[in-house]
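Trainee: One-letter residues, chain by chain:
2 protein chains.
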Amino acid sequence: MINEKMYALGSKRSSIREIFEYAKTRAQEIGAENVFDFSIGNPSVPAPDAVNETIEKLVKEMPSVALHGYTSAQGDKTARDTIASNYSKRFGVAISGDDLYMTCGAAASLTITLHALHEEGDEVIVFAPYFAEYKVFVEGSGAKLVVLSSDDKTMLPDFTALKKAINQNTKAVLINSPNNPSGVVYGEDTMQTLCDILKEKSAEFGKRIFLISDEPYRELIYDKKTTVVSPMRYYDDSIVCYSYSKSLSLPGERIGYIAVNPRMVNAKTVYASVCGAGRSLGFVCAPALFQRVVASCDGMTADLSIYKRNRDLLYNALTEYGFTCIYPDGAFYLFMKAGEADAKAFCERAKKHELLFVAGDDFGYPGWVRIAYCVQTEQIERALPLFKALAEEYRLGEK
Amino acid sequence: MINEKMYALGSKRSSIREIFEYAKTRAQEIGAENVFDFSIGNPSVPAPDAVNETIEKLVKEMPSVALHGYTSAQGDKTARDTIASNYSKRFGVAISGDDLYMTCGAAASLTITLHALHEEGDEVIVFAPYFAEYKVFVEGSGAKLVVLSSDDKTMLPDFTALKKAINQNTKAVLINSPNNPSGVVYGEDTMQTLCDILKEKSAEFGKRIFLISDEPYRELIYDKKTTVVSPMRYYDDSIVCYSYSKSLSLPGERIGYIAVNPRMVNAKTVYASVCGAGRSLGFVCAPALFQRVVASCDGMTADLSIYKRNRDLLYNALTEYGFTCIYPDGAFYLFMKAGEADAKAFCERAKKHELLFVAGDDFGYPGWVRIAYCVQTEQIERALPLFKALAEEYRLGEK
Numbered sequence: 017m018i019n020e021k022m023y024a025l026g027s028k029r030s031s032i033r034e035i036f037e038y039a040k041t042r043a044q045e046i047g048a049e050n051v052f053d054f055s056i057g058n059p060s061v062p063a064p065d066a067v068n069e070t071i072e073k074l075v076k077e078m079p080s081v082a083l084h085g086y087t088s089a090q091g092d093k094t095a096r097d098t099i100a101s102n103y104s105k106r107f108g109v110a111i112s113g114d115d116l117y118m119t120c121g122a123a124a125s126l127t128i129t130l131h132a133l134h135e136e137g138d139e140v141i142v143f144a145p146y147f148a149e150y151k152v153f154v155e156g157s158g159a160k161l162v163v164l165s166s167d168d169k170t171m172l173p174d175f176t177a178l179k180k181a182i183n184q185n186t187k188a189v190l191i192n193s194p195n196n197p198s199g200v201v202y203g204e205d206t207m208q209t210l211c212d213i214l215k216e217k218s219a220e221f222g223k224r225i226f227l228i229s230d231e232p233y234r235e236l237i238y239d240k241k242t243t244v245v246s247p248m249r250y251y252d253d254s255i256v257c258y259s260y261s262k263s264l265s266l267p268g269e270r271i272g273y274i275a276v277n278p279r280m281v282n283a284k285t286v287y288a289s290v291c292g293a294g295r296s297l298g299f300v301c302a303p304a305l306f307q308r309v310v311a312s313c314d315g316m317t318a319d320l321s322i323y324k325r326n327r328d329l330l331y332n333a334l335t336e337y338g339f340t341c342i343y344p345d346g347a348f349y350l351f352m353k354a355g356e357a358d359a360k361a362f363c364e365r366a367k368k369h370e371l372l373f374v375a376g377d378d379f380g381y382p383g384w385v386r387i388a389y390c391v392q393t394e395q396i397e398r399a400l401p402l403f404k405a406l407a408e409e410y411r412l413g414e415k
Numbered sequence: 017m018i019n020e021k022m023y024a025l026g027s028k029r030s031s032i033r034e035i036f037e038y039a040k041t042r043a044q045e046i047g048a049e050n051v052f053d054f055s056i057g058n059p060s061v062p063a064p065d066a067v068n069e070t071i072e073k074l075v076k077e078m079p080s081v082a083l084h085g086y087t088s089a090q091g092d093k094t095a096r097d098t099i100a101s102n103y104s105k106r107f108g109v110a111i112s113g114d115d116l117y118m119t120c121g122a123a124a125s126l127t128i129t130l131h132a133l134h135e136e137g138d139e140v141i142v143f144a145p146y147f148a149e150y151k152v153f154v155e156g157s158g159a160k161l162v163v164l165s166s167d168d169k170t171m172l173p174d175f176t177a178l179k180k181a182i183n184q185n186t187k188a189v190l191i192n193s194p195n196n197p198s199g200v201v202y203g204e205d206t207m208q209t210l211c212d213i214l215k216e217k218s219a220e221f222g223k224r225i226f227l228i229s230d231e232p233y234r235e236l237i238y239d240k241k242t243t244v245v246s247p248m249r250y251y252d253d254s255i256v257c258y259s260y261s262k263s264l265s266l267p268g269e270r271i272g273y274i275a276v277n278p279r280m281v282n283a284k285t286v287y288a289s290v291c292g293a294g295r296s297l298g299f300v301c302a303p304a305l306f307q308r309v310v311a312s313c314d315g316m317t318a319d320l321s322i323y324k325r326n327r328d329l330l331y332n333a334l335t336e337y338g339f340t341c342i343y344p345d346g347a348f349y350l351f352m353k354a355g356e357a358d359a360k361a362f363c364e365r366a367k368k369h370e371l372l373f374v375a376g377d378d379f380g381y382p383g384w385v386r387i388a389y390c391v392q393t394e395q396i397e398r399a400l401p402l403f404k405a406l407a408e409e410y411r412l413g414e415k
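Chains as they are written, first to last, in our numbering: chain D, 17 to 415; chain P, 17 to 415.
Honestly, I wouldn't trust all of these hints.
Chain copies aren't distinguished; within one or between two, either way the pair holds.
Unchecked claim - Calculated cross-link-like contacts (lysine to any residue; reagent style SDA-like; alpha-carbon spacing at most 25 Å):
hint : residue 1 : residue 2
1    : 180       : 360
2    : 93        : 27
3    : 93        : 30
4    : 151       : 136
5    : 76        : 66
6    : 93        : 205
7    : 368       : 357
8    : 40        : 56
9    : 73        : 317
10   : 76        : 24
Hints listed in this document are in silico derivations from the structure and should not be mistaken for laboratory results.
Construct the complete structure from the given sequences, taking the supplied hints into account.
Mentor: Listed below in structure tokens is the structure:
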């Protein structure tokens, strides 16, 4: 009667959603201030003031029919030109507004790109730990998801595994830096190695292998030494998927873009496929008011100092308590080894301390947990004694 | 290398787009005031003042993190409850916020619904003339589009053809009232007859046949005698797809909803499939600010008196000149019989008079043309002598 796959996707609650519902119930029982929910990646910092100021200015100054009317399917030309110009300056790669396609956020950027590229029998490679919805999006496009592991110490891709996994059916490698859930950022060396392998394998199989770079956390980095690089500088067949959800704290407004590297062969053909996929999936155009808002605020960020303070506080304390943690260079997640092999059992034990976070199993990485620190700093401060008690329960300090 | 279907959709310019580009070029040659573009269905009337007032109020009063943050995937609960309550009162059918799923506009409403329902081998029936993108959306979901004709005099569905066409593979009938491109509105009798056939055929084939009602023009009606009815009053297996694009003149903001009739068997299962399809296609949630704006402005409309004046002016003049026109009860399109069998040739002749409109071929209805009257009234007034000259060229007044 209905599509069973869609029913399964719509009816099976994600673990994150389960925890969210549990947190609400538990808050009613013992008070919201006593429940420590680190499960959700929802920005906790307001949008920069310029966002609301720009909204008010546009509403006052632009005629309604122009402001709220259709933009072209690929997005308002002025907005695209502005964003492309900023991107070119920042990353040292020349792109134009005609290489950009404005989208309803990161999820749309990914589904549109995946549908644009998909051919029968395709495989798309990701590295665990990976954002769980990648499976939904890749399979939704008709492709097979191939999950490779990462190095347990660095959470960087296992390149030996990558060389073995690439085959005649590989359409793309999908990366996510800064990473959800590990917070790891791919530096120049990592990007160079990855792209060298893709070039070598493209030649070996006589086919193009696309690099899809999902970058919603691109602006969320905390140390001077950390630099985010554009895959376009390293690899022609690269496509950048972006969203302003995290950088401008606008996750509900659904606004981002796809950038097709103009240096790839037949870039205009790939771009046209992106336009076609957006049309087929029902996107029409990205929200018009917010296209102009993000173009005006492109390059700004919400106040990241709060996330940095949270990260430092949490990372330092947890490692001191004996937990093994990946140092998060970016995003707002901390990836921590569970106190026992079964991360779900560990999460249940943590729950007894009123600490809520997500088992790595959901990110294709059992034995670890994700702690989202996009919360109020005060919540972390009050949670630390509970983390300490959890560590003691596992005798982690004694090892 | 890429998906050929998506490339075709993205690279093949629609006729409407072709005309739009021609109009721009021609305007540079002879001045914009001398080109009469009736090709595009873009609202020409500003949004009600309440829209921008609500935006300003929300921006001032709601905390940024709450205003611009994620809503639940199906939409903000308060917004859904408000809209559902208004719908129930207006149409005399009880629905709740839990039956509504907020979307990024009508196209998203349709693609999500079609993907939610799709099973291998499905067929979806539409009546010509039909909105051209239905073919893209239906085929994008994997189903086959079956096009049936309408009565040439009334542009209402040919029910004899419908009875013959429904078979074991029919998943849904997709209707559009007020209709793009004919402006025809399905009254009570039409809806009753249609739903009686669907009930009879559902019983005959022992399967459910869904009625998908695409209603972006629902509020655009111009005469007291014209009433718009809810399919939910006539048929349990009905799903309403709505958009605020035309009613509130917000086509660029991408905001609408899907309403699943709670009286259908397993309504919650169908609703869950809708949620799953939205997730799979990459929608996440509808734009958060505008969810609240439309909930607050639900039931209002842009100033429709301008469209009514345009319709009356155009219909009266064109019929007087000898053109055969369908009286448009709603929407902002006038469907007119071409002066010759080949509507495209007729459009080319009209172009010589600087009159631009779209051949019915694009709506599955050759021999007719669509004239979009969502323009400034003054543009119609100045175009009338040109229409008269076109009629005289075909000696229409003399017949």
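Trainee: If a hint holds in the structure, say so; if it doesn't, say that too.
Mentor: The hints, checked one at a time:
For the homomeric pair residue 180 and residue 360, neither the shortest alpha-carbon distance inside one copy (31 Å) nor that between copies (56 Å) is at most 25 Å. Taking the closest pair of Cα atoms, residue 93 and residue 27 come within 25 Å of each other only across two copies (18 Å); inside a single copy the shortest separation is 39 Å, beyond that limit. Within a single copy, residue 93 and residue 30 get their C-alpha atoms only as close as 38 Å, which misses the 25 Å cut-off; across copies the closest is 19 Å, which meets it. Proximity of residue 151 to residue 136 under the C-alpha cut-off of 25 Å is found in both arrangements, the shortest distances being 17 Å within a copy and 22 Å between copies.
Both within a single protomer and between protomers do residue 76 and residue 66 lie at most 25 Å apart by alpha-carbon distance, with minima of 15 Å and 13 Å respectively. For the identical chains of this complex, residue 93 and residue 205 are neighbours neither inside a copy (35 Å) nor across copies (47 Å), given an alpha-carbon limit of 25 Å. Taking CA atoms no more than 25 Å apart as the test, residue 368 paired with residue 357 passes inside one copy only; the shortest distance there is 18 Å, against 77 Å between copies. For the identical chains of this complex, residue 40 and residue 56 are intra-copy neighbours only, at 13 Å inside a copy versus 48 Å across copies, given an alpha-carbon limit of 25 Å.
In this homomeric assembly, residue 73 and residue 317 come within 25 Å of each other (Cα to Cα) both inside a single copy, at 19 Å, and across copies, at 24 Å. Within a single copy, residue 76 and residue 24 get their C-alpha atoms no closer than 45 Å, and across copies no closer than 40 Å, so neither meets the 25 Å cut-off.
Hints 1, 6, 10 from the earlier list are contradicted by this structure; the remaining hints agree with it.
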